[in-house]
Amino acid sequence: MDVQKLGIKFFLHDDASVEGAELIPIFHRWIQTRAVDGLLIDVVDYSHVAHGPGILLVAHEGTYGMDAGGDHMGMTYCSRGHDQAPSPQRLVEVCKRALLACQRLESEPLLGDRVRFRGDGFSVFANDRLRAANTEPNAQALVSLAGGLAERVFTDAEWTATPERVNHDRLAVSVATSRPESLPTLISRLP
Numbered sequence: 030m031d032v033q034k035l036g037i038k039f040f041l042h043d044d045a046s047v048e049g050a051e052l053i054p055i056f057h058r059w060i061q062t063r064a065v066d067g068l069l070i071d072v073v074d075y076s077h078v079a080h081g082p083g084i085l086l087v088a089h090e091g092t093y094g095m096d097a098g099g100d101h102m103g104m105t106y107c108s109r110g111h112d113q114a115p116s117p118q119r120l121v122e123v124c125k126r127a128l129l130a131c132q133r134l135e136s137e138p139l140l141g142d143r144v145r146f147r148g149d150g151f152s153v154f155a156n157d158r159l160r161a162a163n164t165e166p167n168a169q170a171l172v173s174l175a176g177g178l179a180e181r182v183f184t185d186a187e188w189t190a191t192p193e194r195v196n197h198d199r200l201a202v203s204v205a206t207s208r209p210e211s212l213p214t215l216i217s218r219l220p
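Just so you know, we're using my numbering here: the sequence shown kicks off at 30 and counts up by one.
Do not rely on the hints blindly, as some may be mistaken.
[Stated by the list, open to error] Only pairs whose alpha carbons sit at most 20 Å apart, straight line, appear in this in silico SDA-like list of lysine to any residue:
no. : residue 1 : residue 2
1   : Lys125    : Pro209
2   : Lys125    : Asp66
3   : Lys125    : Glu137
4   : Lys125    : Pro220
5   : Lys125    : Arg147
6   : Lys125    : Thr184
7   : Lys125    : Asp44
[As the list claims (entries may be wrong)] Computed beta-carbon distance windows for the label pairs:
no. : residue 1 : residue 2 : range
8   : Thr164    : Leu139    : 19 to 29 Å
9   : Pro220    : Arg133    : 12 to 22 Å
10  : Arg145    : Asp74     : 37 to 47 Å
11  : Arg143    : Pro166    : 21 to 31 Å
No wet-lab data here; the hints were simulated from the structure. For each residue, glycine too, the CB sits at the ideal point set by N, CA and C.
Please model the entire structure based on the sequences and the hints provided.
Next up, the structure:
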């Protein structure tokens with residue numbers, strides 16, 4: 030399975046708090062200052078959509094967002110599929126962009142210390158229902174792909190990769206470890 034549109038989500042700590050409206054001026058400033066990688070284009074507010082994508086920062090290469098889908102608030106990054114690299118290499122780049130955005134959001138002065146991301150797991154998803162339908166063979170292929178990333182970022186820690194079973198939803202895999210790592214440590218393990 031070669032998925033062009035790969036995404037990843039890192040979750041906020043349960044005691045973290047951020048309102049979608051607070052992110053709009055922050056993401057606009059990120060565009061102005063080129064705070065994260067990519068050609069940043071616009072900010073879109075989907076906070077009115079239940080379990081939707083939340084607040085998106087649209088870039089040419091992909092989208093950054095803060096959403097509450099799956100009942101867990103978190104930062105997502107999803108590639109648009111312009112990169113012709115193989116899926117494992119593409120997933121590493123997607124992961125790095127998401128982690129750098131998480132780190133940047135944690136250091137936002139407007140949010141104080143209210144935003145902290147967990148380093149004990151992530152969700153990998155295929156944002157392409159045509160090329161990556163939510164089937165058992167595709168789920169196992171995505172488990173393998175996400176497992177390769179988990180081996181890289183969690184090094185010697187034990188981890189699990191489990192398909193998320195929501196039939197009408199896009200193909201997704203949850204990765205978890207019992208030994209959390211800091212964002213700088215996770216970032217340092219990616220090229």
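Cross-check of the supplied hints:
The straight-line distance between the Cα atoms of Lys125 and Pro209 is roughly 17 Å, inside the 20 Å bound, and the hint therefore holds. Only pairs whose Cα atoms come within 20 Å are accepted, and Lys125 paired with Asp66 is accepted, the gap being roughly 10 Å. For the given pair, Lys125 sits about 19 Å from Glu137 by alpha-carbon distance, which is consistent with the 20 Å threshold. Note on Lys125 and Pro220: the hinted pairing holds, with a Cα-Cα distance of about 8 Å set against a maximum of 20 Å.
Between Lys125 and Arg147 the alpha-carbon distance is near 15 Å, which keeps this suggested pair within the 20 Å criterion. Of the pairs offered as hints, the one joining Lys125 and Thr184 holds, with about 16 Å between alpha carbons and a cut-off of 20 Å not exceeded. Of the supplied pair hints, the one linking Lys125 and Asp44 is violated, its CA atoms being roughly 24 Å apart against a limit of 20 Å. About 43 Å separates the C-beta atoms of Thr164 and Leu139, a value inconsistent with the hinted range of 19 to 29 Å.
Checked against the hint of 12 to 22 Å, the pair Pro220 and Arg133 passes, with Cβ atoms roughly 19 Å apart. Between Arg145 and Asp74 the CB atoms are about 23 Å apart, so this pair departs from the stated range of 37 to 47 Å. As the Cβ distance of Arg143 to Pro166 is approximately 42 Å, the hint placing it in 21 to 31 Å is violated.
Of the numbered hints given earlier, the model fails hints 7, 8, 10 and 11; all others are met.
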